[in-house]
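Residue strings, one per chain:
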Amino acid sequence: MKKKVLQMLLLGMFAFLSSNAIAQFKVSGVVKSSDGDVLPGATVLVKGSTNGVLTDMDGKYNITPPSAQSVLVFSFVGMQSQEVPVNSKSVINVTLESISIGVDEVVVTALGISKEKKSLAFSVGEVKADDLVKAGNTNVMKSLDGKVSGVNLTSLSSDPTSSVLVNVRGTTVMPTTTTRDGVAGTDVSRKGQPLYVIDGVPVGRQTFTSKDGVDFGNILSQLNPEDIENVTVLKGGSAGALYGAEGGNGVIMITTKSGKGGKKGIGVSVSSSLTVDVPYNFIESQTEYGQGERAYEWQYDNGDTWGPKLDGSYSSIFWNVKTQAWETAAQVSSKENRMKAYLQNGATSNNAVSISGNYDKGSFRLSFSNMSNKGVMPNTQTDQKGVTLNSEYKLTDKLKVSANANYIMTYSPNKANITGSNSVLNNLLFNIPTNYQPLSEMKNYWLTGYDGVLMNGASMKLPATGQPTTAVNIENPWWTTYENIHRFSRNNFFGKIQLDWQIAKNWSAMLRSGMENVEENYELRRSWGRNNDFGQFNPSSTVNTDFATDAILTYNNTIGKLSVTAFGGLNYNYSKSFGFDINANDLAVPGLFSLANAKAGTLSIQNNGYNWGIGSSYSVYGTASFGYNNQLFLDITGRNDWKGILEEEKINYFYPSVSASWVASETFELPETIDLLKFRLGWADVGNGLTKLRNVDTYTFETNDWGSAKTVNITATLVDPDIKPMHSITKEAGFDLWMLNKRVQVDFTYFVKDQVDQIDQIPTVQGTGFTGMTTNIGDVRGKGFEGGITVTPIRNKDWTWDVSATLTHYKAHITRLSDKFAPNGYVFASYDGKTKIKIAEGEEIGSIYEENPILKVKEGKYAGMFLLDEDGKFQKSSDERDRGKLGNFNPDYIIGINTSLKYKRLTLTMVGSLRLGGEYVSVNQQYMESNGRAFTTLGAGENNPYWVGGRDAAHGGLPWPTIGSSDYDVINDWNEERYSDFNDASYVHGVFINPDFEGDTPTDADYIVNGADPRNTFYDFPYNAYGDAIWNFTSTRTYDATNFKLREVTVAYALPNTLTNKIKLNDVVVSLVGRNIYQWNANGRNEDPESAFSGVGTNQGILRATLPSIGSYGFKISANF
Amino acid sequence: MKQFIKNIFILLLLGAVSSCSEDSLREYDLLQQKDAVESVNDPFLLSSIIKKTTIFYQDQGYSASKLPGAVQYMVRNYQGGDNTYSAFKSPTTEMYSAMDILKLVDASIKLSQERGSKVHEGIFTTFRVLLFSYMTDYYGDVYYTEALKGREGILYPKYDTQSAIYTGLLEELKNANTLMTQGTDLITATSDLIFAGDKSKWIKFNNSLRLRLVMRASKKLSNAGTEITALASGASTLMVDNSDNLGLAFLGTLTENSWKGGTFNWSSSDEFDRRRPSKTFVDMLLSLNDPRLPVWVAPVEKPWTDNPANEGKTVSTTDPNGFTYSSTWEYVDLSKEVVKAQENNILDKDKLYVGFIAGMAPDFKNGNGHYDTQTGGANGNFKVSKFSTLFRQNKHNLLKATVMNADEVQFILAEAAAKGLITGNADTYYRAGITLSMKRWGVTDADIATYLAQTSISLPTAQAGKLDKIATQKWLALFTVPTETYLDMRRTQLPNIFSNGNLKNYTFPLRFRYPGNELGQNKDAYDAGVKTLLPAVDDEFSKMWLLQ
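As they're listed, the protein sequences go chains A and B. The first sequence begins at 1 in the working numbering and counts up one residue at a time. The second sequence begins at 1 in the working numbering and counts up one residue at a time.
None of these hints come from the bench; they were simulated from the model. We treat Cβ as the ideally placed atom computed from N, Cα and C, and that holds for glycine. Treat the hints with caution; some may be incorrect.
Here are the simulated EDC-like pairs of lysine to aspartate or glutamate, each with C-alpha atoms no more than 20 Å apart in a straight line [stated by the list, open to error]:
#1 B:Lys340 x A:Glu977
#2 A:Lys710 x B:Glu256
#3 B:Lys66 x A:Glu870
#4 B:Lys149 x A:Asp819
#5 A:Lys861 x A:Asp1000
#6 B:Lys110 x B:Asp100
#7 A:Lys783 x A:Glu844
#8 A:Lys32 x A:Glu97
#9 B:Lys89 x A:Asp869
#10 A:Lys561 x A:Glu870
#11 A:Lys264 x A:Asp1067
#12 B:Lys504 x A:Glu976
#13 B:Lys89 x A:Asp1000
#14 A:Lys856 x A:Asp819
#15 B:Lys110 x B:Glu172
#16 B:Lys349 x B:Glu337
#17 A:Lys710 x B:Glu146
#18 A:Lys876 x B:Asp539
#19 B:Lys523 x A:Glu97
#20 A:Lys60 x A:Asp37
#21 A:Lys742 x A:Glu97
#22 B:Lys395 x A:Asp533
Simulated coverage check for chain A against chain B, where a stretch passes if three residues somewhere in it have a Cβ under 8 Å from a Cβ of chain B [stated by the list, open to error]:
#23 529-540
#24 755-767
#25 820-833
Some chain A residues flagged as far from chain B (calculated, every beta-carbon gap over 12 Å) [stated by the list, open to error]:
#26 Ser34
#27 Gly265
#28 Val332
#29 Trp446
#30 Ile582
#31 Val589
#32 Ser594
#33 Met773
#34 Pro793
#35 Lys838
#36 Tyr893
#37 Leu1065
Isolated chain A, as found in the complex (with noise of 0.2 Å):
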């Protein structure tokens, strides 16, 4: 038996089959679905007894009961099982009514552990397999949104690839002012991650990993959507209590199929989908106007377009990128989108197959996919493949082993920069200017005779004296897409092997050791080509491995109405990282990648001395939970962890948590018409403390030497002695009501989270002699709501029509601050570099605020009017009191819709999000404004609140003053220098104060309107009245951030088995899907707001340069055989 057992382990697959009674009188019929289809696979039992068949692939059974009053019952996956009693009939024809949602319907919950989800005290949200799948997206965590409440999730980019964000309950991380552990401290999306489970094992929070501005997509988004059975999201602290620390920004657990359940014998089922990726929703911008900074006068190095107007009257010496030749020709413009040029159509396919098996003594799903994406970037690819397992075997009635094993690899040949100022996009979007040729010209980027060398610019320069070659002034796109590599491969194997044993028969245990290990590899290649840069070869490797023991024993017993569900158990956490990164920055020979070819004194070694990394921890923890009556439940978890290894780590942490519930249906009579009225409250603590960290100074030599002079850095950091373990508490109350044979069903949950004595870094003064010091830094408190609601209007024999909507709302706000911080009260941290974020009590999070505020008026007749400077612009104030808030980059609410109607074999489902309220920065009209390429910048409209003019007459240019005719003489020199024939003269809104002022306080009757009086105004030119003036001040670059997707079409028919039974094939479905394919933006805008993000990952609600929207419509078709 031993020996046979371990073999079964190995194997992993299992083949038995279960034989039948003997026959006395007979009984036989058809067994249907309510859709009349005939139902294989069903089973027919009787009553009492292990005696059953399946019915047959025609859905005929023959059965032969122990007497003619035996009592048969008829059951079906996903179907309500029906009990007929025999009665001496021969011939029982059965319909069986599927079931979507039972009252009696389990949940996994934390542990992996299922319960009655009538018995949950804790709101989670559910997504079943069929909902990801649905409209074939590949991206698992891309699939999720608009389908579960409380959830925030946000796509870093349109990519279908990209990674996405996810935030459960909002954020309660408090923003500090220091980086740590490669995090910024303002970027509170990403530090409140939540933890991910898949079949009981956690894998950790999700990193981005991310290269030179590269996203190369979050691991979990890459698990094939075909193997996911659910998805569920522990919302609450209660339901992560018992994963502790790790737990408090909510639990992701994906459970992954598996062959069980599914019909006797094997079954193979196959789907195949493949999509066309069609950007659209591209950011237009002026075509009319050519290079320079004045619209009479040309510059052909300059990428500003405020220069003449491109009607062919302006001759220019150019670089023609085609014949690589200067020439001189009128100027005219190629009207061309470049962003719209640049991109293609991408593809993405996606084919799996699984083969999967149930027999009484065990189980197993085997299944491979295989994804593939052609990105809309040229010369960007994305490859997938996956191989998963999953297989249970009954040792014995009592035992159980199941084990899973999963590989996923992915390969990127080369995957492109879309976000932030390295980007290919922001080189089209911003640099190149419209005179120049269009993009399909500029394909040949090496300069003739210098292949590999020098780079065909998409414009030159003139060799300027002393200098031997001619420089590239603007990259060529096509030189980016091909010679700046960015290769990236990751291979991700995780798995578990679990044993459950029903000790006796209050007892079980269960013993699960699980692990993931991803390994990840990438490289950067940069060709020479740009001027006095030899390229860079950059190849880096890191492996993270984590393993997680749970031993965990159950008692389960009930006595009369009460209900005891209590287990106890031991965690045990070990983690290791390893990576290296070495970096050629500078290569001897062209296109030789390799670190050999180092030129000398170039090669170095990135985070050097930081190479590995060692954690783990031990946990105890237990849960107790009790059920009277089946209508008040009530759980409490606890779980101490002890982790850390240094003295400075607090190391042993308690968190409890409490929850009830009361199903008040099972307590009242209520109303036929209610199915279900349940009433919840949850409350839980979950702790944690500080890991790697000391307060000590160490040194680290500098990767190059000063000759043959070794250097040093110090590095510092500081520890408060008196720090304290943080907690985050959260509290819930909601309530689920069915009604109307469940055709209604709403559930609601309000929320309170603190997060108490957070531990960060604070930001200490320079003087300290530390950048920071790591301590409770304050209290944050998240409130919110969120709530579903789903609705059959019509379910008939050939129609059904649901709709469904989740509501998601949360504000977080800062409660305390440590006086330690902040003795102020508030201290603004830099965000993007052109926000800032502000942290002080009852600061909401999310907020952006200016980077620099404009110097207004404070006191008098002007007072709220812009204070311009000596030279009638606008300045920076620095009183930090003067900042103003620019917005939240959170919305206000998310709104899921889901619909789905359908006509007998014909479905048509759609998904949309609402994010409505919310506010973003748009980095891209910024630079458009500067850069002369957006339409604001052609003349100034009327009301314009900063500036009056234009670039000509036409756009409202304004003749330029006499010379001298000014009062002042500061006036009239700062006019002169400017002064034209040509009426481009602007001025900015706002006073300054008379020259011949001498004192302190101006009053009233010192300040000067700019643009009162046409002689007694600073002019300037647009580009410097405009274009440079408002360039600091990010209030003109707002916008709402309100917006709706339609994420999901799919139009589906199933074909019947009738038909397809003859070809051997059952539930063949072929879909039409299509995703993305609409957007609305309030603030009518081409840009979306999701993507707004300043790279990576980081620093939510600022948008530069990023793809545009992308479509996708293709078709998909699964089936079983």
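Use these hints to put chain B onto chain A, whose structure you have.
Just chain B, lined up with the frame of chain A:
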């Protein structure tokens, strides 16, 4: 069967609990930490401090244009806010960088004390004084006695008054001097990136820095004359030769060890082309027939000429360092509309060396009547000189990251003599200063002699005239060290170039504003610091103790 399962259970549990004890995990981290401290010996600390400090100074001297712009060495022809002191209007965060180095300096002093290496302690302390003086000289009251004490629990250090800081710094310098004199620990030649282990040169720097600080505070220190006399008397050694200069030569092999203007740091020439010598600077060099002019400044690419016969003629120039340039004359042909439009802007004709007018507006394209913006583009101006190709090198024996030179010492003594603070001959010091500076830039002895023989160089008898000439020569000699030039011009208001060019509408700023987050985070200290300014506002025109 049951026994088998029990066994598995027990084995797995044991394995889980015992596989890694806490100690074994801790060991690796602790070992690394210990290694990190014990492996930093004095030589490595010395090389690090020298490198960081000199590079920090040099970064303010050329690549950042705030100070070179303010003292009119440099005018930007693109994004030219620094032409009109605009960066002084915002809070300045340079304090951070000095504090970063000071953190290492303080830690080094502590380690050298533990090791009993007095010479190193003395050198480190001298650097400490240099960096703290930089902070107080630019801001006023700053952290000093409570600085760098976060570990001792001082999270909000108070500011000390500038006078207290000066007293403290001079005391520290004295102690450092004693330590160096008495100490016997040897300096590793390869780690002493500047003096190759010659202790006496560090003592000279210590004394010279004292001289610099005492002169800076001479108006406020009652014993300034005595101090300077003692330093000048020869009782203390001063930097007297160019081999005494505290300037780090660049290696030119990597971005980080190269001159900022070189191709490693600026792969495109745009940044280089945006920085032009000022007209004030070029005209002064021209008027004095200064042989340093061609070393520093390149000939104009397309100079104007009033002589129609020269139109289109090209002359080729080779500068003293062997870099060549070509210039093509353009006749001021007022019949051409484009030229006529620039008539008022053409200030320099028939000259190969032309500076960009001081205080020019940002993005003013038409300096000296340049009109060919189409070809010139955003940074091109063919009618104004660039800096010489020397400054486009990654390394050159004339390019150094400089903190202090021997010529500065001579000019301080010349000023002290002219003011009667010491008894020496101002003219001797003055000529020694000029000679040292010229030699430092590779000028031949013969050329120096010719230069010094000019009547325009001779010091007049009147004190004001003397001081003006000394200041002018010091201003020229401190080229590329504008951190010091600025503080000198602020103190002496000489040379009087404040209204040159278009600067008459702008006031020369007297200090840096405190970093913005000081107001937010260390308000009590900040308020106290602002209170001692005259007037008590944190702006660039308020006077600190030194100037009151």
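These are the hints, each one checked on the structure:
1. Between lysine 340 of chain B and glutamate 977 of chain A, the direct Cα distance comes to roughly 15 Å. Compliance with the 20 Å bound is thereby established for this hinted pair.
2. The suggested pairing of lysine 710 of chain A with glutamate 256 of chain B holds, with an alpha-carbon distance near 14 Å, which does not exceed 20 Å.
3. Among the hinted pairs, lysine 66 of chain B with glutamate 870 of chain A is consistent with the structure: their alpha-carbon atoms are about 19 Å apart, no more than 20 Å.
4. Taken as a hint, the lysine 149 of chain B and aspartate 819 of chain A pair is honoured in the structure, with Cα atoms around 18 Å apart against an allowance of 20 Å.
5. Distance restraint check for lysine 861 of chain A and aspartate 1000 of chain A: the Cα-Cα separation of roughly 18 Å lies within the 20 Å cut-off, and the hinted pair is therefore satisfied.
6. For the suggested pair lysine 110 of chain B and aspartate 100 of chain B, the alpha carbons sit about 16 Å apart, so the restraint of at most 20 Å is met.
7. Annotation: proposed proximity of lysine 783 of chain A to glutamate 844 of chain A holds, straight-line Cα distance about 11 Å (limit 20 Å).
8. The straight-line distance between the Cα atoms of lysine 32 of chain A and glutamate 97 of chain A is roughly 9 Å, inside the 20 Å bound, and the hint therefore holds.
9. A hinted pair counts as satisfied when its Cα atoms are at most 20 Å apart, and lysine 89 of chain B with aspartate 869 of chain A qualifies at roughly 10 Å.
10. Annotation: proposed proximity of lysine 561 of chain A to glutamate 870 of chain A is violated, straight-line Cα distance about 85 Å (limit 20 Å).
11. Distance hint between lysine 264 of chain A and aspartate 1067 of chain A is fulfilled; the C-alpha atoms sit about 16 Å from each other, no more than 20 Å.
12. Restraint check for lysine 504 of chain B and glutamate 976 of chain A: the C-alpha separation of about 15 Å stays at or below 20 Å, so the hint holds.
13. Restraint check for lysine 89 of chain B and aspartate 1000 of chain A: the C-alpha separation of about 17 Å stays at or below 20 Å, so the hint holds.
14. Among the hinted pairs, lysine 856 of chain A with aspartate 819 of chain A is inconsistent with the structure: their alpha-carbon atoms are about 31 Å apart, more than 20 Å.
15. Proposed proximity of lysine 110 of chain B and glutamate 172 of chain B is supported: the alpha carbons are some 15 Å apart, at most 20 Å.
16. Distance hint between lysine 349 of chain B and glutamate 337 of chain B is fulfilled; the C-alpha atoms sit about 18 Å from each other, no more than 20 Å.
17. Between lysine 710 of chain A and glutamate 146 of chain B, the direct Cα distance comes to roughly 31 Å. Violation of the 20 Å bound is thereby established for this hinted pair.
18. For the hint linking lysine 876 of chain A to aspartate 539 of chain B, the alpha-carbon distance of about 13 Å falls within 20 Å, and the restraint holds.
19. Among the hinted pairs, lysine 523 of chain B with glutamate 97 of chain A is inconsistent with the structure: their alpha-carbon atoms are about 73 Å apart, more than 20 Å.
20. With a CA separation close to 12 Å, the supplied pair lysine 60 of chain A and aspartate 37 of chain A stays within the 20 Å bound.
21. The suggested pairing of lysine 742 of chain A with glutamate 97 of chain A holds, with an alpha-carbon distance near 14 Å, which does not exceed 20 Å.
22. At roughly 18 Å between alpha-carbon atoms, lysine 395 of chain B and aspartate 533 of chain A fall within 20 Å of each other, so this suggested pair holds.
23. Counting residues of the region 529-540 of chain A whose C-beta sits closer than 8 Å to any C-beta of chain B gives 4, which meets the bar of three, so the coverage hint holds.
24. Coverage of a stretch by a chain is defined here by at least three residues with a beta carbon nearer than 8 Å to that chain's beta carbons; for the region 755-767 of chain A and chain B the count is 5, and the condition holds.
25. Counting residues of the region 820-833 of chain A whose CB lies closer than 8 Å to any CB of chain B gives 7, which reaches the minimum of 3, so the coverage claim holds.
26. Non-interface call for serine 34 of chain A relative to chain B: holds, since the shortest CB-CB distance, roughly 45 Å, exceeds 12 Å.
27. Every Cβ of chain B is farther than 12 Å from the Cβ of glycine 265 of chain A; the closest lies at roughly 28 Å, confirming the non-interface assignment.
28. Distance check on valine 332 of chain A: its Cβ is at least 16 Å (rounded) from any Cβ of chain B, clearing the 12 Å threshold; non-interface status holds.
29. Distance to chain B confirms tryptophan 446 of chain A as a non-interface residue, since its nearest Cβ pair spans about 18 Å, more than 12 Å.
30. At roughly 16 Å, the least C-beta separation between isoleucine 582 of chain A and chain B is larger than 12 Å, which holds for a residue marked as non-interface.
31. Taking the minimum C-beta to C-beta distance to chain B, about 18 Å, the non-interface status of valine 589 of chain A holds against the 12 Å cut.
32. Every CB of chain B is more than 12 Å from the CB of serine 594 of chain A (nearest about 20 Å), matching its label as outside the interface.
33. With 12 Å as the threshold on Cβ separation, the claim that methionine 773 of chain A sits away from chain B is violated: the shortest Cβ distance comes to roughly 7 Å.
34. Listed as outside the interface, proline 793 of chain A is consistent with that label: its C-beta sits roughly 54 Å from the nearest C-beta of chain B, beyond the 12 Å cut-off.
35. Distance to chain B contradicts lysine 838 of chain A as a non-interface residue, since its nearest Cβ pair spans about 10 Å, not more than 12 Å.
36. Listed as a non-interface residue, tyrosine 893 of chain A keeps its Cβ farther than 12 Å from every Cβ of chain B; the least gap is roughly 33 Å.
37. With a least beta-carbon separation of about 43 Å from chain B, leucine 1065 of chain A lies farther than 12 Å from that chain, consistent with its non-interface assignment.
Violated hints for the displayed structure, listed by number in ascending order: 10, 14, 17, 19, 33 and 35.
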